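Based on the sequences and whatever the hints tell you, model everything.
Residue numbers (numbering that gives the first Met the number 0), protein chains in the order written: chain P, 0 to 321; chain Y, 0 to 321.
Hints may be right or wrong, so weigh each one.
Identical copies carry no separate label here, and so any pair may be met within one copy or between two of them.
Restricting the straight-line Cα-Cα distance to at most 25 angstroms, the calculated cross-link-like pairs of lysine to aspartate or glutamate (DMTMM-like) are [unchecked claim]:
1) LYS25 <-> GLU39
2) LYS201 <-> GLU294
3) LYS25 <-> GLU276
4) LYS201 <-> GLU169
5) LYS25 <-> ASP38
6) LYS201 <-> ASP38
7) LYS201 <-> GLU74
8) LYS25 <-> ASP178
9) LYS201 <-> ASP315
10) LYS25 <-> ASP99
11) LYS25 <-> ASP155
12) LYS25 <-> GLU136
13) LYS201 <-> GLU275
14) LYS201 <-> ASP178
15) LYS201 <-> GLU172
16) LYS25 <-> GLU172
17) LYS201 <-> ASP256
18) LYS201 <-> GLU276
19) LYS25 <-> GLU169
20) LYS25 <-> GLU35
21) LYS201 <-> GLU227
22) LYS25 <-> GLU13
23) LYS201 <-> GLU141
24) LYS201 <-> GLU263
25) LYS25 <-> ASP173
26) LYS25 <-> GLU294
27) LYS25 <-> ASP257
If you are wondering where the hints come from, they were derived from the structure by calculation, not from laboratory data.
All of these numbers come straight from a predicted model, not from anything done at the bench.
Single-letter residue listing:
There are 2 protein chains.
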Amino acid sequence: MTVLDANAPGLTIEAIRAAHERIRDKIHRTPLLRSELLDERSGLQLHFKCENLQQGGAFKARGATNAVYLLSAQEAARGVVTHSSGNHGAALARAARLRDIPAYIVMPDNAPAAKLAAVRRYGGIINLCQPTLAAREAAARELLQTTGAAFIHPYDDLRVMAGQGTSALEILEDVPGLDAILCPVGGGGNLAGVAVAAKSVKPTIRVIGVEPAGADDAARSFRSRHIEPMAQPNTIADGLRASLGAKPFAEILRHVDDIVTVSEASIVNAMRTLWEELRVIVEPSGAVAYAALVENAWSPPPNARVALLLTGGNLDLDRLPW
Amino acid sequence: MTVLDANAPGLTIEAIRAAHERIRDKIHRTPLLRSELLDERSGLQLHFKCENLQQGGAFKARGATNAVYLLSAQEAARGVVTHSSGNHGAALARAARLRDIPAYIVMPDNAPAAKLAAVRRYGGIINLCQPTLAAREAAARELLQTTGAAFIHPYDDLRVMAGQGTSALEILEDVPGLDAILCPVGGGGNLAGVAVAAKSVKPTIRVIGVEPAGADDAARSFRSRHIEPMAQPNTIADGLRASLGAKPFAEILRHVDDIVTVSEASIVNAMRTLWEELRVIVEPSGAVAYAALVENAWSPPPNARVALLLTGGNLDLDRLPW
Chain P
0 MTVLDANAPG LTIEAIRAAH ERIRDKIHRT PLLRSELLDE RSGLQLHFKC ENLQQGGAFK
60 ARGATNAVYL LSAQEAARGV VTHSSGNHGA ALARAARLRD IPAYIVMPDN APAAKLAAVR
120 RYGGIINLCQ PTLAAREAAA RELLQTTGAA FIHPYDDLRV MAGQGTSALE ILEDVPGLDA
180 ILCPVGGGGN LAGVAVAAKS VKPTIRVIGV EPAGADDAAR SFRSRHIEPM AQPNTIADGL
240 RASLGAKPFA EILRHVDDIV TVSEASIVNA MRTLWEELRV IVEPSGAVAY AALVENAWSP
300 PPNARVALLL TGGNLDLDRL PW
Chain Y
0 MTVLDANAPG LTIEAIRAAH ERIRDKIHRT PLLRSELLDE RSGLQLHFKC ENLQQGGAFK
60 ARGATNAVYL LSAQEAARGV VTHSSGNHGA ALARAARLRD IPAYIVMPDN APAAKLAAVR
120 RYGGIINLCQ PTLAAREAAA RELLQTTGAA FIHPYDDLRV MAGQGTSALE ILEDVPGLDA
180 ILCPVGGGGN LAGVAVAAKS VKPTIRVIGV EPAGADDAAR SFRSRHIEPM AQPNTIADGL
240 RASLGAKPFA EILRHVDDIV TVSEASIVNA MRTLWEELRV IVEPSGAVAY AALVENAWSP
300 PPNARVALLL TGGNLDLDRL PW
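Printed below as a string of structure tokens:
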């Protein structure tokens, strides 16, 4: 149960704007796709922000790149460390390679081969450990001591959160009249960054978090105003199983309008519709925002202009959930 | 065996530029995606023009929309007719609906349900016929007589070819330093439009057509300089089974540098790589340009800037070829 410190320094729009300048030539400006059919079906004007088409196939490139390039030359020379079984590890390895510094990625020894390959592709140095949080943290601690490298948390880090918020700046440049943004929430770094950026640029906009009902710690925490840990997440959306971080949570409480949950069936259904109608590959975690519209978990007024963050596209094509 | 008429009016860059102005607000300006990994693998700078993300999931929206909006009000009021078992029928139905006129689409009675649904979705009036060319042409003729509608051929039509060429204008606006364009060839309308546009804007650019070895009429015709019909096309790339049209062929002979062929295995392999690395859904016909690079059917100099047209993304996700 974390108590909020009202005086703690938070995430600022200035930090997000500076992040955008810093990473602009190192990431893709991802397209905002439209679909006449999905507009007709929903009675809304939908804008799909395709972070699945981002470098490395996920929005994680934004935060990791910002964090790596914020290090001083001296800090950077010793490299970076993180623990991650997902997209952040690969994104950090890529950012480190761009800066020509080592990246040490602690991963559980039962991580899927595809995730290991993604980190190796970018030259990340993988440290395997047992698949427990204690083992992961111990391995990271040991690496930090032996290398003197900088730890870059996947989401509970203001530098990472600032980077993630840059997608909202791009969305609002492309669609200034936007009414709402739907954003997946796992550890909360992306939702926090997006909310600070969007509300600063356009205070009247609505920012809604979406998470699987089987990993609903953010929705529960949002209502109780305390971090309620997720004991046994049970969802196909592997990118959203993490428990909310304290730094993102503080921003979420200040800036997010609501957090809604979606069923597993809706997530699979949404993935499939996005594949068939938008013709892009979205992983389960990336499809929850559209799932929220499909099951009316959140209902905007007719013809509202709504952006949906499709946050990632990394999945095993031999194991599709249909 | 068609003999070329050197005096026949051909496709002009002015017609393509006018088409671009005409259709600009009725189609998507599709993104040109990059991939660090595919650049590294190929030793080239690759730019993927995502016409699979076009309205209706294929480049066909460009030509059909241009043709429909070139009709006079009087002509348009009587509607449009085509025969098509593929993406052109749906694209024509969509363009007609935008202009609020009827579209009569002749389709074989064994057409896949998904193709019929795509035409119906846009309000197209489907006329089923037996699955032979004779039956198709007879049905179209009868419709033309009874309705007085205008016939819009899928590719052997200068208005359609002009529309297809507009993608090359967008590519060269985005990447003025481009060295080459790889473009699939079936009936030839797209390759002809792209070649006229690209060579007019940048005479030093190389334009290469790509077709399946199992439907190699364009490659054979290109060498013999006569249209050599395709008797029994045998390829997974259903959009490229059509025989070359006379009007496209005239432009292809004037402006295209080479036409190369690719194997079925390479096409499937390319689809899969584009799914996994670019995270977009490409149909077999849309993957042949990348297949040509994979199997070295055409080898540009190292670091060349090459655009590849991913022409469509319509396929049955329950019947993937792997």
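### Query
Which numbered conditions among the earlier hints are violated in the structure presented, ordered from lowest to highest?
2, 7, 9, 12, 13, 18, 21, 23, 24, 26, 27
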